[in-house]
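Peer 1: Chain by chain, the residues:
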Amino acid sequence: MATTAQALQNYAEHFSGLEKSARNGPAWLRKLRQQGFARFGETGFPTVRDEDWRFTNLSTIAQTPFRLVRNGHDLPSRAQVSAYQIAEAAWELVFVDGRWAASLSSSGNPPGGVRVVSLAAELASHPGAVEPHLGRYLNIQRDPFSALNTAFLEDGAYIHVPKGAVLESPIHLLFISTAQEAPVMNHPRNLIVADEDSQVTVVEDYISLGRGEPVLSNTATELIAGDHSVISHYMIERENEQAFNVSTLRIQQGRTADVASHSVLAGGALVRNNVHPVLAGEGSECLINGLFVGRHRQHLDNYMLVEHASPHCSSRQFYNGILDGHAHGVFHGRIIVHKDAQKTDAKQTNRNLLLSDTAQIDTKPQLEIYADDVKCTHGATIGQIEENALFYLRSRGIDEASARRLLLFAFASECLDRMRTGPARSFVEKLIQHELGYRGDASRLQELAS
Amino acid sequence: MSLLEIKNLHARVDGNEILKGVTLTLNAGEVHSIMGPNGSGKSTLAQVLARRETYEITCGTVLFNGKDLLAMKAEEAACEGLFLAFQYPVEIPGISNAYFLRSAVNAIRKYRGEDEMDAMDFLPKLREKMKLLDMDEKFVNRSVNEAFSGGEKKRNEILQMAVLEPRLAVLDETDSGLDIDALKIVARGVNQMRSPERAILVVTHYQRLLNYIVPDFVHVLVDGRIVRSGGPELALQLEEQGYAAVETAWRGASPA
Numbered sequence: 001m002a003t004t005a006q007a008l009q010n011y012a013e014h015f016s017g018l019e020k021s022a023r024n025g026p027a028w029l030r031k032l033r034q035q036g037f038a039r040f041g042e043t044g045f046p047t048v049r050d051e052d053w054r055f056t057n058l059s060t061i062a063q064t065p066f067r068l069v070r071n072g073h074d075l076p077s078r079a080q081v082s083a084y085q086i087a088e089a090a091w092e093l094v095f096v097d098g099r100w101a102a103s104l105s106s107s108g109n110p111p112g113g114v115r116v117v118s119l120a121a122e123l124a125s126h127p128g129a130v131e132p133h134l135g136r137y138l139n140i141q142r143d144p145f146s147a148l149n150t151a152f153l154e155d156g157a158y159i160h161v162p163k164g165a166v167l168e169s170p171i172h173l174l175f176i177s178t179a180q181e182a183p184v185m186n187h188p189r190n191l192i193v194a195d196e197d198s199q200v201t202v203v204e205d206y207i208s209l210g211r212g213e214p215v216l217s218n219t220a221t222e223l224i225a226g227d228h229s230v231i232s233h234y235m236i237e238r239e240n241e242q243a244f245n246v247s248t249l250r251i252q253q254g255r256t257a258d259v260a261s262h263s264v265l266a267g268g269a270l271v272r273n274n275v276h277p278v279l280a281g282e283g284s285e286c287l288i289n290g291l292f293v294g295r296h297r298q299h300l301d302n303y304m305l306v307e308h309a310s311p312h313c314s315s316r317q318f319y320n321g322i323l324d325g326h327a328h329g330v331f332h333g334r335i336i337v338h339k340d341a342q343k344t345d346a347k348q349t350n351r352n353l354l355l356s357d358t359a360q361i362d363t364k365p366q367l368e369i370y371a372d373d374v375k376c377t378h379g380a381t382i383g384q385i386e387e388n389a390l391f392y393l394r395s396r397g398i399d400e401a402s403a404r405r406l407l408l409f410a411f412a413s414e415c416l417d418r419m420r421t422g423p424a425r426s427f428v429e430k431l432i433q434h435e436l437g438y439r440g441d442a443s444r445l446q447e448l449a450s
Numbered sequence: 001m002s003l004l005e006i007k008n009l010h011a012r013v014d015g016n017e018i019l020k021g022v023t024l025t026l027n028a029g030e031v032h033s034i035m036g037p038n039g040s041g042k043s044t045l046a047q048v049l050a051r052r053e054t055y056e057i058t059c060g061t062v063l064f065n066g067k068d069l070l071a072m073k074a075e076e077a078a079c080e081g082l083f084l085a086f087q088y089p090v091e092i093p094g095i096s097n098a099y100f101l102r103s104a105v106n107a108i109r110k111y112r113g114e115d116e117m118d119a120m121d122f123l124p125k126l127r128e129k130m131k132l133l134d135m136d137e138k139f140v141n142r143s144v145n146e147a148f149s150g151g152e153k154k155r156n157e158i159l160q161m162a163v164l165e166p167r168l169a170v171l172d173e174t175d176s177g178l179d180i181d182a183l184k185i186v187a188r189g190v191n192q193m194r195s196p197e198r199a200i201l202v203v204t205h206y207q208r209l210l211n212y213i214v215p216d217f218v219h220v221l222v223d224g225r226i227v228r229s230g231g232p233e234l235a236l237q238l239e240e241q242g243y244a245a246v247e248t249a250w251r252g253a254s255p256a
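From first to last, the protein sequence lines are chains A and B. Every letter in the first sequence is one number past the one before it in the numbering used here, and letter 10, counting from 1, is 10. Every letter in the second sequence is one number past the one before it in the numbering used here, and letter 19, counting from 1, is 19.
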């Protein structure tokens, strides 16, 4: 194992500090953390010899003595945070260095009987609501980061959408890392329980305020999508280029549940986003839709593991990557079709644009099929901006730089077009435009309106 | 002052010389046609005028409105009023026809120091031009040329020409791949663009298009040079006799 004894010692010290401060919490929660820590102790951080991490070198993370941020840091002001808010969000929870900041979050109660609170607060006041779900689905055996997150589980968002509740506007979970004087880590843990027939949109958004020592954000989100529920989840990574961000979205889908998971990876030095849906109920559908935009020396790793555990389910993976400079993108799309998952319909597509000679993409489909009546396709393309398309735009008077940006935005729009119309999509569209230096003077949607 | 003055233009691509001394003058208000056998350099001439960088100019000058066209980049030439209707229009998924055209219109207006048009002002004008070309409303929001038939792509080229109102329109084999009905619609669109301020250069292999867009002058391009010029009846003559007669006469007359 590549993680040194000294590095493990660092984590052991922080873990025992946490255990002490959490000794009055429920026994089941303490046991969960212990299991997480024990597992991490067995494996340490993954290395490139682990098949699931083949293209991503974690030695910098493994060698950095990250600390937990303890008390007494200054909160950003409301004014600083307002630039990052989503207009028309139904509800906003703001976390600073992994900890819920009440003064920056929405107050009162969300509409429709929906519960959106700090996980730490819910564990303190209603642990019985959380216990049946927390830790039931996230696989700490498979992924050391999931184990580490579970070991340091303290706070994050708890969202409960009751049966039949429909929330039209998105819930915004804003995770802010502040500038620190030593490398720090935080392990947000989110639990989203959507009951039967409910509909909700949740946006997880990672930003940096200020520039300090490297930060490791290691998030785990368990999303339980009840029968016939319709869920949209967004993961937005726009931290500065010193941030390390690992996130895992573990989805458990009931009968005819419809879940769309969207990710936009634009910031960060090294980013790994794991999406792991299990289609457990018959007829459920999952869309995994991602965009990653890398420049300079960014490393953006997209890993998904779609498990078809029930018949008649369909899954779609669409990832678009734009890589410039010396950036390195990874797409690793795994599909497992279990023995009884007949009539599975699974499709995977990864399209990549390389804008420099030094940009790099590794794209790997991995299909494991154990049922015999299934439809499974996969495809990947790697290309550059099309010269003919560029000339066509220029021949109409559009200057070369603008034409390039237009074509990049068109490519990124493939991802945007898979998002449901609404405030979350508009928010993401502006983000993508900003990321690509593209100042669309009118949203394309406006063209339709007249 | 003539609108377009080409003098002794030589151009090559991948080390092969394609244009070997083209000389041609167009005045505003005129419709010219360039015809020629395959490989004569017709498309090369069209692309060179539109400033495609893959072609290297080795000799000659081109004045467009009195300005040095060969010193311009593609976008500049377009802003100065040159339009090329492509033989093989490319598909651009993710950019709607309306958005693309409005971007083009605004790029040109900005170049001329005019105010940009917003969607509210632009769309009615676009719809008006679309009616003239019998184009479906739905086209507005579809991606540029995506899933268009050959005929629809060519009509889209003429629509763009109608919207951008160029000084010089170069049509590169606009008739290729069109059936007679599509041809008539395209020709009608082009004829509506005739004006005393505008010149149109129709590059074509077949004479048929010229029954509908009747040119004032016809030039025959063989081996990268204009070897004969005449009035519209020259096109009919070529139709009857084929290019072989002209080629033989040209090769017989020129030194080995």
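Calculated directly from the structure, the hints in this document are not laboratory data. One or more of the hints may lead you astray.
Cut-off 27 Å, straight-line C-alpha distance, at most; resulting in silico cross-link-like pairs (DSSO-like, lysine-lysine) [claimed, not checked]:
(1) B:Lys67 - B:Lys7
(2) B:Lys7 - B:Lys20
(3) B:Lys153 - B:Lys73
(4) B:Lys125 - B:Lys184
(5) B:Lys138 - A:Lys430
(6) B:Lys20 - A:Lys430
Remember, it's a predicted structure, so these values are computed and weren't measured experimentally.
Peer 1: Compare the structure with each hint and give your call.
Peer 2: Verification of the supplied hints:
{"no.": "1", "hint": "B:Lys67 - B:Lys7", "result": "14 Å, holds"}
{"no.": "2", "hint": "B:Lys7 - B:Lys20", "result": "11 Å, holds"}
{"no.": "3", "hint": "B:Lys153 - B:Lys73", "result": "25 Å, holds"}
{"no.": "4", "hint": "B:Lys125 - B:Lys184", "result": "23 Å, holds"}
{"no.": "5", "hint": "B:Lys138 - A:Lys430", "result": "26 Å, holds"}
{"no.": "6", "hint": "B:Lys20 - A:Lys430", "result": "51 Å, violated"}
The earlier numbered hint that this structure contradicts is number 6, and it is the only one.
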